[in-house]
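Undergrad: Sequence:
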Amino acid sequence: MSTSRRSSANTSSADIKTGTAGWLQKTITITAPSRGCHIITNDITRQIPELQRFSVGVAHIFIKHTSASLTINENADPDVRVDMEAALNHIVPEKWHREFFTHTMEGPDDMTGHVKSSLLGASVSVPITNGRFALGTWQGIYLCEHRDSGGWGGGHARSITVTIQGLVNS
Numbered sequence: 001m002s003t004s005r006r007s008s009a010n011t012s013s014a015d016i017k018t019g020t021a022g023w024l025q026k027t028i029t030i031t032a033p034s035r036g037c038h039i040i041t042n043d044i045t046r047q048i049p050e051l052q053r054f055s056v057g058v059a060h061i062f063i064k065h066t067s068a069s070l071t072i073n074e075n076a077d078p079d080v081r082v083d084m085e086a087a088l089n090h091i092v093p094e095k096w097h098r099e100f101f102t103h104t105m106e107g108p109d110d111m112t113g114h115v116k117s118s119l120l121g122a123s124v125s126v127p128i129t130n131g132r133f134a135l136g137t138w139q140g141i142y143l144c145e146h147r148d149s150g151g152w153g154g155g156h157a158r159s160i161t162v163t164i165q166g167l168v169n170s
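The C-terminal residue of the sequence shown carries number 170 in our numbering, and the numbering is unbroken.
Keep in mind the hints are simulated off the structure, nothing from the lab. Hints may contain errors.
[Unchecked claim] Listed below are the simulated SDA-like cross-link pairs for lysine to any residue, each with C-alpha atoms no more than 25 Å apart in a straight line:
#1 Lys64 / Lys17
#2 Lys17 / Ile48
#3 Lys64 / Val126
#4 Lys64 / Asn75
#5 Lys95 / Leu120
#6 Lys95 / Met84
#7 Lys95 / Asp83
#8 Lys26 / Asp83
#9 Lys95 / Asp43
#10 Lys26 / Asn42
#11 Lys26 / Asp43
#12 Lys17 / Lys95
[Said to hold, decoys possible] Pair by pair, the computed Cβ-Cβ distance ranges are:
#13 Gly22 / Ala87: 32 to 42 Å
#14 Glu50 / Met105: 18 to 28 Å
#15 Thr161 / Ala134: 17 to 27 Å
Just so you know, these numbers come straight off a predicted model, no measurement behind them. In this text, a Cβ means the ideal position worked out from N, Cα and C, and glycines have one as well.
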């Protein structure tokens, strides 16, 4: 027996946006002041003023590092950032450095940083509406810095490439 699904959403021609398609790709630098999860939504919008020119689209935000990650989470209560760091440290404890990791020459927080980065991911995609990120009321874009020593870590610049595809206002 086969079943078919029909979309409950009806799209009218009024919902379809038309205009000039545009692309933007820009690499920006953001420095996390310390290890932990930091809201960077405003940092991105400050460094990408061209965002305001897109009426509709999507931004793909990618961090070019292996011991830091990007995610979207609550932006209102600072306790969320503290709890995120605590949860990640519980899931991937640094004692594993001594117990079974073999990639250890860059310090006790290096391999655990790689694992945490893999769990959260190196990119997020965010819709754009009327020149702004179309995030939920309590959502923000986080840079999670998983190291406090070694080649990177808190206080070091992180390269983030933002690629935007959408319709450009005339």
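Undergrad: Find the hints from earlier in the document that the structure breaks and name them by number, from lowest to highest.
TA: Failing hints, ascending: 1, 8, 9, 12 and 14.
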